[in-house]
Amino acid sequence: MNEMLAVFRRELGGYFATPLAFVFIVIFLFAMGSFTFYLGGYFESGNADLSIFFNFHPWLYLFLIPAISMRLWAEERRTGSIELLLTLPVPLWAAVLGKFLAAWVFAGLALALTFPMWLTVNYLGSPDNGVILAGYTGSFLMAGGYLAIGAALSAATKNQVIAFVLSVVVCFLFTVSGLPLVIDFVSGWAPQALVNTIASFSFLNRFQSIVNGVIDLRDLIYFISLIGVWLAACAIIVDMKKAG
Amino acid sequence: MRAEPGAYPAAGDGTGNEGSGVIASTVVHTSDSSPAGPLIEIHNLVKRFGPFTAVDRVSFSVARGEVLGFLGPNGAGKSTTMKMATGFLTPSEGDIRVCGFDVQSRRLSAQRAIGYLPEGAPAYPEMTPRGFLRFIARIRRLSGQDADQAITSAINATELEQVLDQPIDTLSKGYRRRVGLAQAILHNPPVLIMDEPTDGLDPNQKYQVRELIGAMARHKAIVISTHILEEVDAICTRALIIDRGRIVADGTPGELLARSRYHNAVSITLDTSLAEQAALLLRAVHGVAAVEEIRRGPETIFTLFTTVQGEADTTLVDHVSRLVRERGWQVRALYREPGRLDEVFRRLTRGDRSGQQTKPGAAA
Chain A
1 MNEMLAVFRR ELGGYFATPL AFVFIVIFLF AMGSFTFYLG GYFESGNADL
51 SIFFNFHPWL YLFLIPAISM RLWAEERRTG SIELLLTLPV PLWAAVLGKF
101 LAAWVFAGLA LALTFPMWLT VNYLGSPDNG VILAGYTGSF LMAGGYLAIG
151 AALSAATKNQ VIAFVLSVVV CFLFTVSGLP LVIDFVSGWA PQALVNTIAS
201 FSFLNRFQSI VNGVIDLRDL IYFISLIGVW LAACAIIVDM KKAG
Chain B
1001 MRAEPGAYPA AGDGTGNEGS GVIASTVVHT SDSSPAGPLI EIHNLVKRFG
1051 PFTAVDRVSF SVARGEVLGF LGPNGAGKST TMKMATGFLT PSEGDIRVCG
1101 FDVQSRRLSA QRAIGYLPEG APAYPEMTPR GFLRFIARIR RLSGQDADQA
1151 ITSAINATEL EQVLDQPIDT LSKGYRRRVG LAQAILHNPP VLIMDEPTDG
1201 LDPNQKYQVR ELIGAMARHK AIVISTHILE EVDAICTRAL IIDRGRIVAD
1251 GTPGELLARS RYHNAVSITL DTSLAEQAAL LLRAVHGVAA VEEIRRGPET
1301 IFTLFTTVQG EADTTLVDHV SRLVRERGWQ VRALYREPGR LDEVFRRLTR
1351 GDRSGQQTKP GAAA
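Order-wise, the sequence lines are chains A and B.
Residue numbers for the first sequence follow the numbering used here, beginning at 1 and rising by one.
Residue numbers for the second sequence follow the numbering used here, beginning at 1001 and rising by one.
The hints are simulated quantities; they were obtained by calculation from the structure and are not laboratory data.
Incorrect hints may appear among the rest.
[Said to hold, decoys possible] Straight-line Cα separation of at most 20 Å, EDC-like style, residue types lysine to aspartate or glutamate; simulated pairs:
#  : chain 1 : residue 1 : chain 2 : residue 2
1  : A       : K158      : A       : D239
2  : B       : K1206     : B       : E1230
3  : A       : K158      : B       : E1093
4  : A       : K242      : B       : E1161
5  : B       : K1206     : B       : D1095
6  : A       : K242      : B       : D1095
7  : B       : K1173     : B       : E1126
8  : A       : K242      : B       : E1126
9  : B       : K1173     : B       : D1148
10 : A       : K242      : B       : D1102
11 : B       : K1173     : B       : E1119
12 : A       : K241      : A       : E75
13 : A       : K158      : B       : E1119
14 : B       : K1206     : B       : D1165
15 : B       : K1206     : B       : E1159
16 : A       : K242      : B       : E1119
17 : A       : K241      : B       : E1093
18 : A       : K241      : B       : D1095
19 : A       : K241      : B       : E1119
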């Protein structure tokens, strides 16, 4: 546990030791704002809720989250510090989890800094703050899912660009698996059970229901277990690389 | 622990793998007398990368008080062996024990006992040495005063005071190496493994690091890899030459020097005006196998190779000095060569012949 906290603190500190944290947060907030107000037509919609804001999250995360996760392991491998980390008495799970949690907390911080949105909507009307809280929770969980996928793919390469591109592709597949784009492609030939399984992997469907204020335990379990599975994959990849 | 000074005389074939004997001018622990036995035990270690065998049945052990020098050309398998010993790479075959812990099955316990300086001294570039050492202390479960004390003494030992608050990626190569060293010795580990600890340091810093290693040597088992052959003579109690993944020589620096053809050779520097006459007379000295002559302006250096191999032997130098006295020559220098490590190194690490021939003895 101590070791995990040490890795976590170092990793989180690493974001703020370079301009990375600043640049990321500024771009994140700018993108969130401009998507919501211009593309989403927030004011024109006349609704006192944040559903327009939240609806853009999956698509923004698709590119912004891999930008955080790509460096998690690939950079350690490139600079050689991974040799240091793995020869320190740190259990593998502690290294994997410590790094992931640091990235997740960082993403959570960026998300929390969108609070002026919440202030605005409360100023303009009287929204259901429970639904908004659900939206933030769902968004945070979804960010964790994207990050876990990105962490595992980052462990597979020492090239951050490759890690980024692979993460975007895999995250995209997870995002859209419930959309007609994918379902129509599969339903023609695959058994209904498989189609349902694929559709059930969709971030979009599950996130949508959370944003609507319906926190289903199954959706929470889905995101948590998705994070668990991808982090386990990450640990396995890191361990496999030790074999050369 | 019982000390047995001189229990292990500098004789033998120099290819043994006992690992228990230390030829140091100071104290010797043998594995029989030391309750813990060797701190590092490596047995039949093999590492394959696809069809390429990087490390091929390497066995050795290192006891407390020993400084083992790991020598070999680039790509010989030195770093790979160290990476396996520290738990970074998984061996294809063989086993490694550090302080009695199997590095595969008890990785964390073994790693707690190891201080490791990886090749190139990697660190987190955006961190400052102070922050970096704090991170290492936290991972090493040092806290409060213990941590402060450990960090301070590591900083003092490596003289990092001046750069403590500069990001590591702005530091010079020498400082970065010293940050890596500080990290490795922070928890005062019984086992120190260092991959080229003096690479990139200037001569003063090299001297300092050697002093540091020398000061720690008595209480630790230390393995260093190096390209610098004088370093072996300066700090190592034992040297291991590895070539293409195999151990081709294992012995004290003295034993390795004894394998040089310069071992016991006599060098004499004379005025060049005497050279022609001297050449004939020196060749005729009893016990001279061959004579090498190097003319440098007014001086001529003769190197007389002896027919006596192995043992330290002063017969030839006695003969030569008698000849000098009889002839009344003005001698500018006269000395008996201890041997040349670079020549031994080249001979052992070049061509199949030497590798094949010495391997069975070394891996026994």
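Hinted pair K242 of chain A and E1161 of chain B, Cα distance within 20 Å: 35 Å, violated
Keeping to a limit of 20 Å between CA atoms, is the pair of K1173 of chain B and E1126 of chain B held or broken? The given pair, whose Cα atoms are some 15 Å apart, holds under the 20 Å limit.
Taking 20 Å as the top limit, are the C-alpha atoms of K1206 of chain B and E1230 of chain B close enough? OK: K1206 of chain B and E1230 of chain B at ~11 Å, within 20 Å.
Holds or violated: K242 of chain A and E1126 of chain B, Cα atoms, limit 20 Å. Answer violated: K242 of chain A to E1126 of chain B is near 25 Å, above 20 Å.
Please verify whether K241 of chain A and E1093 of chain B have alpha carbons no more than 20 Å apart. It holds: about 16 Å lies between the C-alpha atoms, which stays within 20 Å.
Does K241 of chain A pair with E75 of chain A here, judged by a C-alpha cut-off of 20 Å? 15 Å, holds
Straight-line Cα separation of K1206 of chain B and D1165 of chain B no greater than 20 Å? 23 Å, violated
Within 20 Å, alpha carbon to alpha carbon, are K241 of chain A and D1095 of chain B? Satisfied, since the Cα-Cα distance of roughly 19 Å is no more than 20 Å.
K158 of chain A and E1093 of chain B: Cα distance at most 20 Å? 27 Å, violated
Holds or violated: K158 of chain A to D239 of chain A, with C-alpha atoms at most 20 Å apart: This hinted pair holds, its Cα atoms lying about 15 Å apart.
For the pair supplied as a hint, K1173 of chain B and E1119 of chain B, is the alpha-carbon distance within the 20 Å limit? 13 Å, holds
K1173 of chain B and D1148 of chain B were given as a pair; does the straight-line alpha-carbon distance stay at or below 20 Å? Violated, at about 25 Å.
Of the numbered hints given earlier, the model fails hints 3, 4, 5, 8, 9 and 14; all others are met.
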